[in-house]
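Undergrad: So you can see what is in the structure, the chains are spelled out below.
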Amino acid sequence: MKQDDAPLPVLKGTLDMLVLKALSGGPMHGFGIALWLESRSNGTLGLDDSVTYQVLHRLEGRGFVDAQWTMTENKRRARVYKLTRAGRAHLAAETETWLRYSQYVTAIMVAKPGMAPA
Amino acid sequence: MHTQVREELDSHIALAVDHLVARGVPRERAEREARARFGDYDTAVGRLYATARERERSVNRREMIDELRQDTRLAFRLFRRSPGFFVGAMLTLAIGIGANGAVFSILQSTLLQPLPYRNPDELVMLRRTNVGEARWPGMGPPGAAGLLTSPMVLGWRREGTGRLGDVATMLMRGNSGLRSVDTQFDLALSDRTIRFDGAFATPNFFDLLGVRAARGRVFTNADESSSDQLILLSDALWRRQFAADPGIVGRPITLTMGLPRVQKTLIVAGILPREFHFTYPDEVEAWVLMRWSDVEQHSPENIAFSAVARLRPGVSIAQAQHRAADLPNGIDRVANAPPQDRLAIGLESMRDWVVGETRPSLQLLGAVAALLLIVTCITVSNGLLARVSERQQELAVRATLGAGRSRLLRQLLTEGALLSTSGALAGTLLAIALQPILRALLPASIPRVGEISVNAYIVAFGAAMAMVTTLLAAVAPAWGGTRFDPTSMLTGAANSASATRSTLRWRHGLVAAQAAIATALLISASLLLTSFWQLGRVPLGFDGDKVVTVELRLLDSKYMISGWMIRRFQEDLVVRVRAIPGIADAGLASTVPFLGFDFPAAIARAGSDKTEMVKNRVVDPGYFRVLRIPPIRGRLLSDTDRDNMPRVTVVSQAYARKAFGTDDPIGQKIGSSPAMEIVGVVGDLHYAGLEHDPTPAIYVPMAQEPRPLFSIVLRTDATVSAASVVPAIRGAIRELDPALPAMDFTTIDQIIDASVANRRFYTVATVSFATIALLLTVVGLIVVVARVVAERRRELAIRAALGATMSILVRVATRDALSAVCIGVAIGLAGAYVGSVVLAQFLFHVAPRSPATYAAVTGLVLGVAALAAWGPVRRFDRTSLAAMLKAE
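From first to last, the protein sequence lines are chains P and W.
Residue 142 in the working numbering sits at position 85 of the first sequence, with consecutive numbering throughout.
Residue 549 in the working numbering sits at position 410 of the second sequence, with consecutive numbering throughout.
Bound-form chain P, shown alone (with noise of 0.2 angstroms):
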């Protein structure tokens, strides 16, 4: 595989906020969760499926999802999860944490050795 087509690792705790941010368009079941990375990402998260379960229970016990079971159209059951307030309001907090962490790293990357500070 070419050096850009292999899959990027994912950076621990970024994963949690990934999901919540799946989930805050509204209640998803953990396979749907990962058609969404997969296809937000464009298929650079290489990720096994069974990763993300192992992340949603995780926030379920951390009591920023709830789950349920219900049936999909397909006459399937499944476990479908839902965003709690308390889960909103932590994705608030990682993904302003998140994008002024990437902003500060990016600046520092890109800046020629030796010149001043912009």
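These are calculated hints, taken from the structure and not from any lab test.
Glycine is no exception: its CB is placed at the ideal position from the N, C-alpha and C atoms.
One should not assume that every hint holds.
[Claimed, not checked] Facing chain W, a subset of chain P residues (Cβ under 7 angstroms, in silico): (1) Y110; (2) R133; (3) Y158.
Starting from the known structure of chain P, fit chain W onto it as the hints suggest.
TA: Positioned in the frame of chain P, the structure of chain W alone reads:
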């Protein structure tokens, strides 16, 4: 949980397959792809399962904490609603636990705590006995306990060390009350001379005990071959007389010692640790090195030595005792004595030697305190039981709302735990607060009093008591309280018959138990109190009120020349002391009542061989005046009975009766070389203690038989205190002989008081505990009867409406409770009867099974109980009962 996880993951795979199939992927390939995308199924399951399990556990934990918080809040609310009960119960627990903690701390440091030596169970004290007693303890003739001869200790050292263990020898003050001259050391200070108790010990003494010096060093075996005169100072002496100067170690000090008195210069080898007390209660203040070679030079007939041995591991005291009988004992003191009477070494464990005679009274104290604790636990249990039956409705409601039986049990246990923990805390604080008070009140005769302190033991004991009382207090009500049927509770009246009856039966049983213990304690207390009162009524035979006494020993060599020096000193002293303003009269005596050593002698009538054992007391005429001893016949000693006059004596009534029967002893001669003429008879004096009958005694004039060891007794004027004349007396003594130290001043009533201090202490303690037990029984009884009255309201009301009189109502309401009390009293009487055997050793002039006491206590308990039971019923008078009936 496991299945849920699998379900979710399986549903994911199914959805993924559907998704792929919808995109046109053949089903088989879709399934493979879906699984591949998923990752390792089993690992995922495992991990998710573990996460789920952890979550479940934390939820459970949170639930339990919530429940606990709820229970505690409920308990607090409950207690706040009836603060009286809570405070009362807590105080009750506090008293029981506090009293026990205080008593336990005494027992712990005196009886239980190991002695401050290395492996103290291996240590034994040696004493003199005879072969019969040694070989067959208890079967041979009774041996005279006491000091050993040098051949005895040397014999052990030579031949017993291998089989039995090391031995160390000491010269110390015996327990007979006689301060041996050898062990009194004088230290000359700038303005006066002080005298203190010392002792001698062989080089291995401290190593044998396992005691190390706090400063410097102790004696070692190497000192046997050196020639230094070494001395070790006690911590107390070092602080008191040498200002805790660390530089004293290695420096010489000069002491006067021995008989005849000589000055000796000794090098201070070290200072002993503060905890080191070998003798109780009076401490040995200095230890001088005594080499084994010195011991060998002692006269072999001299019984002067004490000895301590450390038995080899594995050798029991009984075994060692048996083998010790075979050790050589040197010269037999009594020639032609049967083999059993020959001298032998007896052994006594170190612990017994230290605790000695105070063990029984300490055990009595422990037993009484334990009984009080039981009574307090019962009282609190009873109280909690009462509240459970009051709250049965509330418990029933909670049961129907879904609380399981264990949940309710847990709630009741929490309440019980809360109560007993706060009670235990209060009790521990009480015990800590009592410590200094107790220490001041304790008679000095209790050994190791100085070691009594608040320590972890008391706290731990309090905590243990809290746990025990939790179980006792909570289990009974919890057990009784959850045995109910919720529905009948809600629908029926407050008295669900079966539950109430079983609870009530328990509680009547508890009341009976309380009454039993209170009765037994009260009987013991009254017997002890009676003994104490009887002791106070013993006629002393003399008046010791406001009589000051101080002991003097004329040991200097100048007094040894002839009796004349002693006589002159004594006459001068009496004249000077009488001249001191505030002193009414003064006299001299070889020994003072209750203090000092009453010298025995064998006296025969002139011309007869039959000797009687008497106490030989040498006194001057002032003695009889000061102690206000009147003559019964003839005259007392007077100033005319001087050295150059015929020898006279005054005898006690007991002797006169023994030696002369009904004949008049006046004019008769007794004794020999020289014979003395009896000129008077006086009454018997209690000299050895209030509990012992007076022994026959004779009184010889000091002028005719001067003694270097004597006490001065003086009576102060009515308004003058004893303490105020002490400096003047010291001054008078110093004027006559500046190098003569005066030992402690005391008054005779102080001495007598001290002799009963131990008895007074445990009598007061028992009376207090018995009173508290009775009070608690009354409280328990009132609570139970109140409950009965409340629960049988309707029945009582009906009876009242049908014309029952007050007395009938009272009888109906209190019958069960009072019969419980009667049963309890009967059990208590039986217990006291059986236990009287043990109590007898503490009693004086009162029968241990005195019917009068038993009857009086029974009357007291029943009377108080009847009065108490009547109270709650009285509050239910007929009008209120009728009103109640109408309301129903």
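Undergrad: Failing hints, ascending?
TA: 3
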